[in-house]
Structures are given as structure tokens and as C-alpha cells.
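**Student:** One letter stands for each residue in the lines below.
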Amino acid sequence: MENFNQIESDLLNKIKGISDRNALDSVKTEIFGKKGIITELFKKIGSLDQSKRKEYASKLNALKTKVIEILEKKLVDFDQSEINKKLKNEKIDITLPGRTYFAGKIHPVSQVIDEVTSIFAEIGFSVEEGPDVESEYYNFSALNTPENHPARDMQDTFYLDRSKDLLLRTHTSPVQIRTMLKSKPPFKIIAPGRTYRCDSDQTHSPMFHQLEGLHIDKNVNMGHLKGCLYYFVKKFFEIEKVRIRFRPSHFPFTEPSAEVDIGYKIQDGQIKIGEGDRWLEILGCGMVHPNVLKNVKVNPKQYQGYAFGVGLDRLAMLKYGINDLRAFFESDIRWLEFYGFDPLDVPTNYRGLSR
Amino acid sequence: MITSLSWLKNHLSTKANLNQIAERLTEIGLEVENIKSSNGNLDNFIICKIIKSQKHPNADKLKLCEVDIGTGNLVKVVCGAQNARDGLFAVYVPPGAIIPKTNMKLKVAKIRGIESFGMLCSGYELEESSDKEGIIELNKKEKNIGDKYFKSSGEKIMDIAITPNRPDCLGVRGIARDLASSGLGQLKKQSPIKINQKFKQPIKVSIGKEKDQGCAIFGSVYIKNVQNKESPDWLKKKIISLGLKPVSAIVDATNYVMFDLNRPLHAYDADKINKEIIVRNSKKGESFQALDNKKYTLQNNMCAIADKSGVLGLGGIIGGARSGTELSTKNILLESAYFYPSSTRKTGKILNIDTDAKYRFDRGIDPNSIQIGLELGMCMILDLCGGEASKFSIIGKFKDERKTINLELEKFSKVIGFPITSSEIKKILSSLGCSLKMSGKKIKVLAPSWRPDIKEDVDLIEELARIKGYDKVPLINPEKGNIKDTLNYKQKLFHFSQRSVASKGFTEAVTWSFTDSKADVLFSELKNEIKLSNPISSDLDVLRSSLYSNLMISAKKNIHRNFEDLMLFEVGPVFKGSKPGEQSTMIGAIKTGKYSRKNWIEKERNFDVFDIKNDALRTLNEIGIDNSKIAVSNKTKKWYHPGRSGLLSLGSINGPELAYFGEIHPSIIKRLDLRTENVLGFEIFLDNIPKSRKKIREVKPQFFVSDYQKVVRDFAFVIDEKYSSGEIISLVKKIDKELIKTVKIFDVYQGDNIGDGKKSIAFNVMLEPKDKTLSDKDIEQISKKIISTVQETTGATLRS
Numbered sequence: 001m002e003n004f005n006q007i008e009s010d011l012l013n014k015i016k017g018i019s020d021r022n023a024l025d026s027v028k029t030e031i032f033g034k035k036g037i038i039t040e041l042f043k044k045i046g047s048l049d050q051s052k053r054k055e056y057a058s059k060l061n062a063l064k065t066k067v068i069e070i071l072e073k074k075l076v077d078f079d080q081s082e083i084n085k086k087l088k089n090e091k092i093d094i095t096l097p098g099r100t101y102f103a104g105k106i107h108p109v110s111q112v113i114d115e116v117t118s119i120f121a122e123i124g125f126s127v128e129e130g131p132d133v134e135s136e137y138y139n140f141s142a143l144n145t146p147e148n149h150p151a152r153d154m155q156d157t158f159y160l161d162r163s164k165d166l167l168l169r170t171h172t173s174p175v176q177i178r179t180m181l182k183s184k185p186p187f188k189i190i191a192p193g194r195t196y197r198c199d200s201d202q203t204h205s206p207m208f209h210q211l212e213g214l215h216i217d218k219n220v221n222m223g224h225l226k227g228c229l230y231y232f233v234k235k236f237f238e239i240e241k242v243r244i245r246f247r248p249s250h251f252p253f254t255e256p257s258a259e260v261d262i263g264y265k266i267q268d269g270q271i272k273i274g275e276g277d278r279w280l281e282i283l284g285c286g287m288v289h290p291n292v293l294k295n296v297k298v299n300p301k302q303y304q305g306y307a308f309g310v311g312l313d314r315l316a317m318l319k320y321g322i323n324d325l326r327a328f329f330e331s332d333i334r335w336l337e338f339y340g341f342d343p344l345d346v347p348t349n350y351r352g353l354s355r
Numbered sequence: 001m002i003t004s005l006s007w008l009k010n011h012l013s014t015k016a017n018l019n020q021i022a023e024r025l026t027e028i029g030l031e032v033e034n035i036k037s038s039n040g041n042l043d044n045f046i047i048c049k050i051i052k053s054q055k056h057p058n059a060d061k062l063k064l065c066e067v068d069i070g071t072g073n074l075v076k077v078v079c080g081a082q083n084a085r086d087g088l089f090a091v092y093v094p095p096g097a098i099i100p101k102t103n104m105k106l107k108v109a110k111i112r113g114i115e116s117f118g119m120l121c122s123g124y125e126l127e128e129s130s131d132k133e134g135i136i137e138l139n140k141k142e143k144n145i146g147d148k149y150f151k152s153s154g155e156k157i158m159d160i161a162i163t164p165n166r167p168d169c170l171g172v173r174g175i176a177r178d179l180a181s182s183g184l185g186q187l188k189k190q191s192p193i194k195i196n197q198k199f200k201q202p203i204k205v206s207i208g209k210e211k212d213q214g215c216a217i218f219g220s221v222y223i224k225n226v227q228n229k230e231s232p233d234w235l236k237k238k239i240i241s242l243g244l245k246p247v248s249a250i251v252d253a254t255n256y257v258m259f260d261l262n263r264p265l266h267a268y269d270a271d272k273i274n275k276e277i278i279v280r281n282s283k284k285g286e287s288f289q290a291l292d293n294k295k296y297t298l299q300n301n302m303c304a305i306a307d308k309s310g311v312l313g314l315g316g317i318i319g320g321a322r323s324g325t326e327l328s329t330k331n332i333l334l335e336s337a338y339f340y341p342s343s344t345r346k347t348g349k350i351l352n353i354d355t356d357a358k359y360r361f362d363r364g365i366d367p368n369s370i371q372i373g374l375e376l377g378m379c380m381i382l383d384l385c386g387g388e389a390s391k392f393s394i395i396g397k398f399k400d401e402r403k404t405i406n407l408e409l410e411k412f413s414k415v416i417g418f419p420i421t422s423s424e425i426k427k428i429l430s431s432l433g434c435s436l437k438m439s440g441k442k443i444k445v446l447a448p449s450w451r452p453d454i455k456e457d458v459d460l461i462e463e464l465a466r467i468k469g470y471d472k473v474p475l476i477n478p479e480k481g482n483i484k485d486t487l488n489y490k491q492k493l494f495h496f497s498q499r500s501v502a503s504k505g506f507t508e509a510v511t512w513s514f515t516d517s518k519a520d521v522l523f524s525e526l527k528n529e530i531k532l533s534n535p536i537s538s539d540l541d542v543l544r545s546s547l548y549s550n551l552m553i554s555a556k557k558n559i560h561r562n563f564e565d566l567m568l569f570e571v572g573p574v575f576k577g578s579k580p581g582e583q584s585t586m587i588g589a590i591k592t593g594k595y596s597r598k599n600w601i602e603k604e605r606n607f608d609v610f611d612i613k614n615d616a617l618r619t620l621n622e623i624g625i626d627n628s629k630i631a632v633s634n635k636t637k638k639w640y641h642p643g644r645s646g647l648l649s650l651g652s653i654n655g656p657e658l659a660y661f662g663e664i665h666p667s668i669i670k671r672l673d674l675r676t677e678n679v680l681g682f683e684i685f686l687d688n689i690p691k692s693r694k695k696i697r698e699v700k701p702q703f704f705v706s707d708y709q710k711v712v713r714d715f716a717f718v719i720d721e722k723y724s725s726g727e728i729i730s731l732v733k734k735i736d737k738e739l740i741k742t743v744k745i746f747d748v749y750q751g752d753n754i755g756d757g758k759k760s761i762a763f764n765v766m767l768e769p770k771d772k773t774l775s776d777k778d779i780e781q782i783s784k785k786i787i788s789t790v791q792e793t794t795g796a797t798l799r800s
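Taken in order, these protein sequences are the chains called A and B.
With this note's numbering, the residue at position 185 of the first sequence is 185, and numbering never jumps.
With this note's numbering, the residue at position 758 of the second sequence is 758, and numbering never jumps.
Since the hints were derived computationally from the structure, they do not count as laboratory data.
Just so you know, these numbers come straight off a predicted model, no measurement behind them.
Any given hint might turn out to be false.
Said to hold, decoys possible - Dumping the calculated DSS-like pairs for lysine-lysine here, alpha-carbon to alpha-carbon at most 27 Å: (1) Lys-91/A to Lys-28/A; (2) Lys-297/A to Lys-484/B; (3) Lys-492/B to Lys-294/A; (4) Lys-492/B to Lys-234/A; (5) Lys-301/A to Lys-411/B; (6) Lys-346/B to Lys-455/B.
As the list claims (entries may be wrong) - Ranges between beta-carbon positions, derived for each pair: (7) Tyr-320/A to Glu-230/B: 33 to 41 Å; (8) Asp-673/B to Lys-182/A: 41 to 49 Å; (9) Arg-334/A to Leu-138/B: 34 to 42 Å.
Stated by the list, open to error - Only some residues are given here: those of chain B computed to face chain A with a beta carbon under 10 Å: (10) Thr-163; (11) Arg-466; (12) Phe-704; (13) Tyr-708.
Quick reminder that beta carbons are idealized off the backbone N, C-alpha and C, glycines included.
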């Protein structure tokens, strides 16, 4: 029988001496090729005596497996050293910037509209809209604003054509009228939108945004109004404790009317909502005037409810610490990028309003 | 409305201090806006420091100063003084203040294109010196910034915001009555006067009988042998605290009564009245010189107070210079009248006059206050100036239209949410001046003559609620039930599309709904622009008919600041007409400048049409329209580059318009002075986006994958240039819709070696068999079919 130990050590020596892939390939042929050393040894099996055949074959197989293993390891080593060599030459300055990409932003007003919609959705309000151009009837008369009310003055309202009594709505309240006219009570709606007044200085802009709220049902009283607005303010400013003050006021379309103030303080030059002993007016509200209900053919003896109007731009300013209202509409790219929101920041009530 | 504690105490016995009173006033709906020293207007003058002073960009002689006024924010002020310079301490006054010398109210003004918020004062303007040239130079320190320039003296005053429904609180007594009703003291009784009025008022007074006569009652008293003079100190201080300027004892007394009782009075120099007082409607063209030194020319039917020589003044609005009192005045006629709100309002609007008296008549004066006004005014004048008073003459009549209001006890708790007793109702309403008749749970109420706002039961309920206190209203937590879906389809689309476009790298702008007609017309197909009657400025004079006008104006401002690579968009209304509802919702997006700029890793390149086309397509895809439903054609609008723009429409090229996209017309870019070579844009008609019939919850069609190898083959043709790539693609796709998965253009070439009017177009076709592996023969067959179809349909030749 062959001396397998001798053969093995010869083969291993041969393999040890291999220095590159080409040499490895030729050694492989030398061993496993058609006339390779191991191939030849296998050919012998048939001519062996039955008694020796088994032992021979098992030794030969063991040798074959070992050699293959070693050769494969050698191959992996060669690949690895090749890669290592390549890696050595493939160093880049990783601090260099990458390719151009574009990150857009959502305007704070749009963000706040999504936020308030999410909040009111949770307590059963749905969203209604109305046109930006309104008639005096929808904007004033139907809302119980008398012919000679100061709000109707030319200096407050943009008119399109005086003779036709067309104007740019001065508030979102005409949406109340349109909503109630087209359907039947109960009503539970909010209406965010653009509003317009002839006013331009540091705190007024000729266009701004309002959110109208209206809830009419059989037993809706001022306590519901209070509860709704508490809920809203707490959710919107994302604070647990909040000081709110309801103050009697006057609007032609509500009776009683109230203005709502929210407590705040100035800390380190920043406004902190909810705490402190200062008051900031944030919205107007009240119980819908019976005359308004009569105007939309809702029986005030059966139905009553509340309405409110909030300045959305102002809410955005308070929540996000924005100082100048007019900058909202100046489209300075630096401002928009600074105060804007990532399009993926979609306010939801399950994930939260803001990150 | 301004008042002080001492003035209130003339009408109210109370132990409360100023802060308690201020707090209570706010609680009952008379909001105290601030408490300040009684310097009146003078408190507005503030010590400031000029931080930076530079030349006004549009005027050589003006300076633009950034001024520290101690609020934390710097204020921009345009100033004409040559001595305005960095680091100078000066006197600043904000818009709204009245300048002592000129008595003019300061407004925010655009001075040569730049808004000036307030003014830096000269010694002349403050009546301190005659120096008109330069501003006052102060020797102050940093810590003085924000301090008042005029030292304050005397007691504190409250500035109360009076809502338009409460004319009665435009007088101190009305405020005192509300306080008393709320339990903070007792309203003092007005003591009867004891003046010996011996003679008859000698000047004849008549009120015209015209249908729309603006005067209902005219009361007057004649006081002879007065000695007009400067007011005593106490009165002067009161007048100053109201923000008014002391004039003379007689004028100051009439103003005092107006603010004390909300009862405007007017004093005439009786010797200057030509024979008699005639209250009559004016005739068009009549004119008079008013006490504000302006000449007013009247229209028909204004309420004129006239004599035999013509108009003396406008009833309830302003007196005339001709009959004005002076220090030398010897005999006066004191007027206390009732003018209808509709009359003063209409006249004031036409002539653009606003006075303290008009403000009060507009809101409604107590028609029963004629006599008491005459009494108090007369007494004061007699006290201050001596003289002898006539009997009162009161002519005319006021039709009292007050009605009894039925109030049911339960209604209060039904509306307000907590109960009230009938004895509380009685106490509160009678303290406010109402007369009541109680019978069980039904209460009959007559509102006082000074409360024109109380008309029905809810008005009374409001009175009760505010005096009880809104803090008593219970807090009822909201229920969570939904009546209907929060957003409808269009609203969802609106909100989603904002985020869709922003996710492509565009920054959202919110711009005015109005714009500059000069820009709007460039992007408009309207026959008539939609003009505003009273625009805020001439460059915001029309409603926008496109989102592009304002986006371009915004881009221009940014580009001029050297921010030249921009992607802006807006989702909002555009207007098609001036009637309600003649508007539609659009997405407008623009990009300008370079996709990439001087950069180590990329080639520099401008944004181009295919960038914006992708943005438009991807947005449409995201809002629910599949690419297979979108047809692209070269239909365009006049504001696009005619050769580099197109239309995306639904279904076919004649289907509903979804979006236009392309390069903005170069002549518009030039016309608007955008200072860039390229602006790309798209406009999506959100109103044309159909509601998807598919719902997410619906089952999707069976998922199918082919196990067989896909095959890709390249083709190149030389073809007439009139054929678009889109046409070739759809032509090839139609050959075998099952087998041909995609057709991709990989090269388009026009120029040398290709004939004139021709182009070379190369594309590859991906074949994806469903039921077997394609044989060479199969591939050969379909390739031949593709070649022959393209050749036969377009006359193209195969390119080798």
C-alpha cells in the first residue's frame, strides 16, 4: 500500500510553496487534473485486492478532503490579501460632502392648520370651507352685524366692487352661515382659512388666517364652550397645566360673547405659555346669537350652541416663538427654511403634534 | 376710554384700590388695556439710542436709523436730521402718538420706499426750542434707554377698551355704574342743581322737518358775561390725562362733561351767531371752516347746524371756526343735543372726519341726558368763568322705541350652564338701571335709555353672566363622537399635496391672495382683472389669477439678495371672477438657478424642464394618478417657453387638464427683472384631480411574476423630427401589450450625419414572457414586428 503519510507531506509541501493564484491553479491541476496525483491514486482502487480496498479508499478520501480544504483556505487567503491590497489604495476623504439633495419645508401656517385639525378631529369636529370672496350678506348681515356697525367701515374691509357689495371676507365666520344653510343641525365644524383686512403694520397684515369653530345642538351651553377651548389650548400648546381666562366682550354674532386670554410669562427673553401672571388674548368666542340662527333657518328655541374664532398665524407665533407676523408672507427663503417644518412632520393625534 | 381712580370716585363710593378696580373692570367686560401715568400722550416719548445710522438707499438727505427703545427689538426709523448718528441718545416717539407742536397723529409711513416706525424728535416738535433742523441730543446712559422722556406726575390712569355695544361706558359714570353693580362700591346720586336761571334763552332754535333729519333734540342754554380763561390746574391735568390739549375753561368744561357723562356738548360764541340757530339738512356745495382748521364741502342731507349766514358746524361731529369760543368771548350758547347714529356715521364716512363727539354719537348717546348735560356744563362754566345763565331751551322729540323684554329664569342656566335666582336677577339688572316686573319665573324688563344694546333676553343673560362672572361658568369636557368624517376628499388632497410637493425639495410659501396687476396680467387669461376698490398699496391691486405672479415676485426678492437657487411652491386659491366661489385651488411650484453649483463631485448644471416635469409627474402620482393615465402633450400657455413646456392631461391629450409645466417665457423673466436665465414651473389643477375609485382597503389584483427570463433588445431609427418620443413609445408598446413591458429611450440625436429635418432615436425594449422562455426565433419575430411597425407608421429607417 502507498505511504499516504509520505504523499500527504509531499503534497502539503508543494502547496506551501505556492505564491500566487496562477501557481495555485497549476498545482490544483497537478493534483486533481486528469493525470493528477490524487486522480491517479483513485484510478488504482479498482486494481486493489478486496481486503485492502476499503482501507485504501478511506485513507485516500481523507487525504483528498484535507488537500481540498487546504487549497480552499489558500484561495481564500489569496482573495483576502488581494482585497486588502486594494483597500490600502482605496482611502478617500470621508469628510467631503456628498451629492446635491433637496429638502423642502412646510410653512408654519400650514403646519398649524394640520395641528388644529388633528386636535378638533378627536373631539368630533369636521372641516368646512368657504370662498375668499364674500358678499356683505354672508360676511356681515347674516352674522347679525348691523348696517352701521364699525366693522363694516371701508377702512377695515377690502371691497371688490362697492356697488355689488362684494368683499374679501374679514373673518371665517361666513363659513358658519354657509354650513348651516346647506344642511341641518346638529353642526360641529371648524373652518380654517384666509381672511383679509385693510391693515398693515408690525402686528397686522392685510391677509391672515383664522380658524372658525361652530357647535350647534339641542343642549350646548357656555360650559361646553369653555371645556372645548380648554381642551384645545392644552392640546395645542402641548402643556398639561394652563391658565385661561374668559373675559366678557362683544361680537355682533354671539351673545354672550367672550374673549379668551392665556397666561404667560417671559423667561430668558422667551415667551412661556401657560404659566406666569401676564395675560395674552388668543381668541374670541360666544354663544351663537339667536338672530344668526334665525337667518339660517335654525330654530333658536330648539337649538343653541357656541362659535369661536382664532387667529392661526398668531397661534403659530406663540407656539413657535416667531416675532414678526408680516414675515410669514414675505417668502424670504431664509425665514421659510428656518421656521418651516419637514414634510414628514405630519401632526397626528396618535403620534403627537410635534416631534 | 380713559379714567382715573379719583375721577371714578366722583361717581362711586368705594374702598377698592386702583388694581382691584382694574381687575374687576376686565372681569366684567371693560378690559383695562393698561395703567399708566396721567401724562397722557406725553408718556409715548421715550429715551432711545441710535444703534446704527446709514444713508437711506433711495434718498440722499434721509437716514435710515436702527433705534434701541428698550423693548429688545430694534426699531427702524427714517430720519431727516443730519445729526442722527451711531451711538446718539435721542427722543423716540412711536406711531399713534400725537406730536405736541403740530397736534398731528404719527402714522407708520413709507418714506421713499422704506417704512418708518415712528420718529426721532426735534426740540421744535416737542415745543421745547425753535430748533427744527436737528433731533434732540441727550446726555444719557444705556440704562436710561426705554425711560419716559417727560417726567410723570400725578395719579395713574386706566386705559379701558370699550366694545362698540357699550356707549354708556364712554363716560366715567357708566363705568362707575358697572363697578357698583358688580359689588365694588356704591353709585353716588347726582345732586340736584340750584342755579337761578332767570331769563329766557334769547337765541331762536329750530329743527328742520326733513324726512331724514339727523337731529332729534336740541337743548341749549345761554350764558352771558362770562370771562373765559385758561383752565385751573386740576381741570388741565384731567384734560391732559385724556390725551387732549387744554384750550380754555369753556372748551375744557365741555370736554370734561363729555368724558364724565358720555354727554357731548358744544359751546358757541353767541355773539358770532347770526340771529338764530337752524338745524337743517345741508345742500350740496355748502362749505364751512371747522375747528380742526380744515374746510369741509358738504353733500346733500348732512345734519348742519346753521345760522342766517350759513353752516356753523356739523351736528354731533364738529363745530365751526366762525362761531368758536375764544378767550375774549363774552356770551356763549351751550348745546346739548341728540343726533342719530346713522346721521353722524354717514356724514363722518363721506367727509372722513372722526372726533370724540362723533365717536360717541355713532354708538348711541343717552337721549335722556340732554338736561343733565346742560346742567353740569352750565354749572362748571359758571364756576370757572362766572356769568349768568338763561333758562334751558329744549326742542324736538325722541321716539323711545324700547320694548319690554320677557326673561325666563330657566333660560339663563340653559345658555350659561349654571343657575341663578330671581332675586339675583333683580339685584343685578336694577343696579344696571333696568326696571323690572317680577311674576314668578317670568320677568319683564325695560332696559335703561343709555343701553341701546339691550334688545332681547340673551342680552340680559349676558349682563347677568358678566356681572356674576364668567369664572362661574362650569367646564364641561368635550365628547369624542364624530358626526361626520373630518376631511372630505378635496381637503385631504390639499393637505397631502402640500407635503408631497415639499418632499420633492420645494419650500412652501404662503403669499397674498392679491398681487400686482402688472405681474398678474403676464400669467392671466382673464378678460378683466379682478380689481380691489381699496387696495392696501398700488402693487397689491388685484386678486391673483395665477399662483405664479406672487411666486415670481418672491423669487425676485430672494434672487436680488443673491439667493439664486430656489425651489418655492404654494397651494392655494386663484381667482377667476369677482363673485363668491369663482376661485379654484392650484398648486404652483417654481425652481430657478442651478441643480448643482460648483461642486467637487458633480457637474454644474441648471435646473431644466425635465426636472420640473418629474416633479409634476411624481406629485400627480403621489396624489393618486397613475403614470399610465397621464398623457403628455406640447399644448401650452402664453407664459411658458413655447418649445419647452407641455401639458399633462388625464387619460388622453384631450382629457381634463391636470398640470402645465415648463420653462417660463424668457421675456417674462426679463420683464419681471428676475436676474436669472431660467425659471421652471408647474401648475397643478387640484380641482381636476378625480377622486380615486380605488380604496386602500380594497383587495389588490393577483400578484403575478414570470419565472422566465426577460430579454432586452436595442433599436435605433432615423426618423422625421416631427415625431415625438412619446409617440414612438406608445406605438411600440401597442405592438404586444402582454409581452412588451417597457420601452426606454436611451439616446436622441440630431445633427451631423443625420439628414435635415430628421433625428436619430434609440430605445430598448424589455420583453417579459409569461408562459415560456423566449426562443431566438420568438425574439426575431417580435423584433421584426417592431421594426416594420415603426417604419411603416413613420417612414423611419433603421439605423445600423
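**Student:** Does each hint fit the structure? Answer for all of them.
**Tutor:** Verification of the hints:
1. Distance restraint check for Lys-91/A and Lys-28/A: the Cα-Cα separation of roughly 35 Å exceeds the 27 Å cut-off, and the hinted pair is therefore not satisfied.
2. Taking the CA atoms of Lys-297/A and Lys-484/B, the gap is about 21 Å. The hint holds against a cut of 27 Å.
3. For the proposed pair Lys-492/B and Lys-294/A, the alpha carbon gap of about 32 Å is over 27 Å, so the pair is violated.
4. Of the pairs offered as hints, the one joining Lys-492/B and Lys-234/A holds, with about 25 Å between alpha carbons and a cut-off of 27 Å not exceeded.
5. Annotation: proposed proximity of Lys-301/A to Lys-411/B holds, straight-line Cα distance about 10 Å (limit 27 Å).
6. A hinted pair counts as satisfied when its Cα atoms are at most 27 Å apart, and Lys-346/B with Lys-455/B qualifies at roughly 23 Å.
7. Restraint check, Tyr-320/A to Glu-230/B: a C-beta distance of roughly 55 Å breaks the suggested window 33 to 41 Å.
8. In this structure, Asp-673/B and Lys-182/A meet the distance hint of 41 to 49 Å, their C-beta atoms being roughly 46 Å apart.
9. Checking the proposed 34 to 42 Å range against Arg-334/A and Leu-138/B shows it holds: the Cβ atoms sit about 36 Å from each other.
10. Interface hint at Thr-163/B: satisfied, since its Cβ lies 3 Å from the closest Cβ of chain A, which is below the 10 Å cut-off.
11. A cut of 10 Å between beta carbons decides the hint on Arg-466/B: the least distance to chain A is about 4 Å, and the hint holds.
12. At its closest, the beta carbon of Phe-704/B sits 33 Å from a beta carbon of chain A; the interface hint therefore is violated under the 10 Å criterion.
13. Hint on Tyr-708/B is violated. Least Cβ distance to chain A is approximately 34 Å, over the 10 Å limit.
Of the numbered hints given earlier, the model fails hints 1, 3, 7, 12, 13; all others are met.
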